[in-house]
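In our numbering, the protein residues as written are 251 to 567.
This list has only true hints and no planted wrong ones.
Simulated restraints, written as ranges between beta carbons of each label pair:
#1 ALA535 <-> VAL495: 18 to 24 Å
#2 TRP461 <-> THR565: 31 to 37 Å
#3 ARG324 <-> TYR275: 47 to 53 Å
#4 ARG375 <-> VAL290: 33 to 39 Å
#5 TRP487 <-> THR364: 42 to 48 Å
#6 ILE342 <-> ARG375: 15 to 21 Å
#7 LEU563 <-> ILE463: 29 to 35 Å
Straight-line Cα separation of at most 20 Å, SDA-like style, residue types lysine to any residue; simulated pairs:
#8 LYS361 <-> THR565
#9 LYS283 <-> ASP293
#10 LYS361 <-> GLU349
#11 LYS361 <-> ILE350
#12 LYS283 <-> PHE489
#13 LYS361 <-> TYR562
#14 LYS361 <-> ASP325
#15 LYS283 <-> ALA535
#16 LYS361 <-> PHE327
#17 LYS361 <-> TRP330
#18 LYS361 <-> ARG324
#19 LYS361 <-> GLY320
#20 LYS283 <-> HIS530
#21 LYS361 <-> ILE372
#22 LYS283 <-> VAL273
#23 LYS283 <-> ARG536
#24 LYS283 <-> GLY490
#25 LYS361 <-> TRP326
#26 LYS283 <-> THR544
#27 LYS361 <-> SER322
#28 LYS361 <-> TRP313
#29 LYS283 <-> SER537
#30 LYS283 <-> LEU545
#31 LYS361 <-> SER371
These aren't lab readings, by the way, just hints derived from the structure by calculation. From a predicted model like this one, the values you see are computed outputs, not experimental measurements. For every residue, glycine included, the Cβ atom is placed at its ideal position computed from N, Cα and C.
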Amino acid sequence: MMKATSRQHISVVAGIAISLVFVCYSLANLDWKIFSASIVAVDLQWLVVFILTLLLTMVLRAWRWHVITGLSRRDWFAVWRASCIGYGGTAIFPARAGEIMRVIHLQRTAKASTGLAIGSSIVDRLIDAVALCVLVGLGLAIFVSNLAVERHFFVMAVVLFVAIALTVAFLLGGARSSALIGRFNRGGAIGSRLAQWLGQAFSELQSLRDWRILGAIVGLQVVISSLDVLACWILLWAFGWALPVAAALVTLICLAMVSALPSTPGYLGVYQVAAMAALHEFGLARSEALAYGTLLQACNFGLFLAAGSWAYLTTRR
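Input sequences plus hints: build the corresponding full structure.
See the structure below:
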């Protein structure tokens with residue numbers, strides 16, 4: 251317990267340090283006139299469309315998680331609420347506490363087992379990782395010619411692939427997976443608890459072996475990824491910048507990469523650095539890109555906080 255607490259403290263401190271570095275980097279040589287003029291020039295109608303698109307991706311991600319859990323249709327609302335609790339936790343708590351909060355909430359409201367709640371959450375995030383690998387591959391194929399960057403992305407893709415392969419092997423392993431669970435069961439109290447969770451995850455996620463369910467998950471992810479890119483592109487139009495969809499794709503890739511680092515609640519500084527790194531290649535001034543990243547962060551933070559607050563208040567009734 252002490253070691254876990256120590257790791258959490260290290261993660262929080264590292265997140266604060268990284269965010270401070272990002273903020274200082276973002277504010278260096280900032281032209282406030284260009285920044286404020288860019289914000290003021292935003293088309294509110296396009297901004298509303300952007301926010302609605304973000305909200306739609308949140309709903310679809312909850313739907314995807316619901317399909318993964320294999321819970322009944324009447325439990326969809328519980329999964330949506332748990333997702334909203336997770337979004338709210340991500341907005342206001344450090345160390346990715348939102349991930350833990352959504353798992354706990356799903357256990358309590360949908361009466362899901364610990365193994366199912368944790369296992370489905372991990373699979374849900376691995377699907378996001380697969381989608382990121384696809385987007386990175388697309389970005390590398392079209393835009394990137396820097397060999398050092400290619401090697402870095404390749405290593406990341408290999409790590410994600412290994413994690414995904416191990417998860418799939420566990421779900422499809424049958425007797426071998428059962429034997430693995432048995433080994434954990436001989437490891438004392440902690441091993442027994444872990445074996446219990448693994449056993450629950452193994453038995454209750456077997457629905458993922460159904461190709462129809464896998465097809466539904468893949469279809470949902472294609473729509474989600476497309477809407478993610480579209481949302482970033484719509485926000486560019488809200489600023490009045492007629493940039494190609496490639497700019498939105500690169501921005502999304504950079505944001506996904508940078509947000510993997512520890513950071514403060516709400517990812518302070520992360521959106522700004524990602525936007526500057528991506529949009530500089532498309533001719534935007536540093537201060538314009540900073541305005542884009544700031545508004546992108548503000549809209550996400552506002553939606554996450556509103557969704558989390560709604561879920562918390564309605565659950566307490």
